[in-house]
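Novice: One-letter residues, chain by chain:
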Amino acid sequence: MEVALNKNMSILVVDDFSTMRRIVKKLLKDLGFTNIQEADDGKTALPMLKTGKFDFLITDWNMPGMPGIELLRALRADESLKGLPVLMVTAEAKREQIVEAAQAGINGYVVKPFTASTLEEKIGNIFNRAVA
Amino acid sequence: MPYSSNQINDKLELARSLVSHLEAGNDEEAASVIAGLAGFRDNLLFPEVGRLTRELHESINSFVTDTGLADIAENEMPDAAERLRYVIATTEQAANTTLEAVEESLPLVDLLHNDARSLAKQWTDPDSPELLINESHELSIGLSNFLKTTQSNSEVLRDKLSEVLMAQSYQDLTGQVICKVINLVNDVEGKLVELVRLSGSHENPSNDKIADVPDISPQGPVVPGVDKGNLITSQDDVDDLLSSLGF
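As given, the protein sequences belong to chains A and B, one line each in that order. Numbering of the first sequence is given in the numbering used here, commencing with residue 1 and proceeding in unit increments. Numbering of the second sequence is given in the numbering used here, commencing with residue 1001 and proceeding in unit increments.
Any given hint might turn out to be false.
What the hints assert, rightly or not - No more than 30 angstroms apart at the CA atoms, straight line, and that leaves these computed lysine-lysine pairs for DSBU-like:
| # | chain 1 | residue 1 | chain 2 | residue 2 |
| --- | --- | --- | --- | --- |
| 1 | B | K1228 | A | K29 |
| 2 | A | K7 | A | K29 |
| 3 | A | K43 | A | K25 |
| 4 | A | K43 | A | K29 |
| 5 | A | K7 | A | K43 |
| 6 | A | K94 | A | K82 |
| 7 | B | K1160 | A | K25 |
| 8 | B | K1148 | A | K26 |
| 9 | A | K29 | B | K1160 |
| 10 | A | K26 | A | K53 |
| 11 | A | K7 | A | K26 |
| 12 | A | K25 | A | K50 |
| 13 | A | K26 | A | K43 |
| 14 | A | K50 | A | K26 |
| 15 | A | K82 | A | K25 |
| 16 | A | K25 | A | K53 |
| 17 | A | K29 | A | K82 |
| 18 | B | K1160 | A | K26 |
| 19 | A | K94 | B | K1228 |
| 20 | A | K7 | B | K1228 |
| 21 | A | K29 | A | K53 |
Hints in this document: simulated from the structure, not taken from any laboratory.
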């Protein structure tokens, strides 16, 4: 079941570990996405997102500077960015954390280590729901 | 501690009697007077040693309580060892996954190479009059088999390469755990410095208590045997939790 996704949409991948950014980027390219940029924490990501050029954010939680959850809260508090779809890809796996992320307005949550098909499925779910 | 004027008079009295005993040749009395003089010093020294011991004991006690040193010794150090074991296990697993994928890929590449080489040998210009009908037929069958095998084997190769790619996520996971252990080492270093400072002087230890960690602060990857409590261990559990929240 192929989800109709806009393969040209602009995606920002935020993780402090470059290896993980590379992996996520490669998986996204495999899924057909071509327009991908990177940032290494929330602090660098936020000004990039505020340019309004991005359609989708994939972010880690545990990052120095500004963690993913703070970035998410900053987006949801921003009039122009509160609707931006956000997928959290993180090793954080406490029940309280997932609940917190859900309440802060996350669109999807993937725990590391993950598989390519999990990432694909969650991205599909986010945009399916957005369309429905 | 300065002597009182009474004590000075007593000592002078003892000193005079010591001189007169010595002059009279009363050795036994002289010895008992010397012991009496020494008693003056001991009476001042022992309470002072006692006071210092008690102060040191109290300082160390409050240092241990205030800095959470006991918690570090009892919990964080063993946890750190467990975390480092997790790093070994995770890197080993990634190395094995990568090695297996490479080992399974190499024969496929060899097959591709050998088949292509033997086909290249048979290959001659199809329009050339030297190419016999049955040779041409044989070549077609070989080529068709080659294309089929290559199609399925390249798919397998692709999967193996993806496995190698995904296995590299160990770097992120172990990196987060190692950062945690580095933080602990820095923490312990700071406390040791403070302990050295404390034993060298009588200042009070700092009152910086270890802040209570908020519930949702980043924890890094789940390390089996170390992380306890409300942990989610699989993507399915995450999905269940989120759907219970209306996702």
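Novice: When you check the alpha-carbon spacing of A:K82 and A:K25, does it fall within 30 angstroms?
Specialist: 24 angstroms, holds
Novice: When you check the alpha-carbon spacing of A:K7 and A:K43, does it fall within 30 angstroms?
Specialist: Distance of about 27 angstroms is within 30 angstroms: holds.
Novice: If you draw a straight line from the CA of A:K43 to the CA of A:K25, is it 30 angstroms or shorter?
Specialist: 20 angstroms, holds
Novice: Sort out whether A:K26 lies within 30 angstroms of B:K1148, counting only the CA atoms.
Specialist: 27 angstroms, holds
Novice: Holds or violated: are the alpha carbons of A:K50 and A:K26 at most 30 angstroms from each other?
Specialist: Holds, because 25 angstroms separates the two Cα atoms, which is no more than 30 angstroms.
Novice: Can the restraint linking A:K29 and A:K53 be considered satisfied, given a maximum Cα separation of 30 angstroms?
Specialist: 19 angstroms, holds
Novice: Decide if the proposed pair is consistent with the structure: A:K94 and A:K82, CA atoms, cutoff 30 angstroms inclusive.
Specialist: Holds. A:K94 to A:K82 sits at ~25 angstroms (cutoff 30 angstroms).
Novice: Are the Cα atoms of A:K29 and B:K1160 separated by 30 angstroms or less?
Specialist: 17 angstroms, holds
Novice: Run the distance test for A:K29 versus A:K82: straight-line Cα separation, threshold 30 angstroms.
Specialist: 26 angstroms, holds
Novice: Quick one, are B:K1160 and A:K25 close enough, alpha carbons at most 30 angstroms?
Specialist: 18 angstroms, holds
Novice: Regarding the pair A:K25 and A:K53, is the alpha-carbon distance no greater than 30 angstroms?
Specialist: The hint holds at about 18 angstroms.
Novice: Measure nothing beyond the straight line between the CA atoms of A:K7 and A:K29; if it is 30 angstroms or shorter, mark the hint as holding.
Specialist: Answer holds: A:K7 to A:K29 is near 9 angstroms, not above 30 angstroms.
Checked against the numbered hints above, the structure breaks hints 1, 20 and satisfies the rest.
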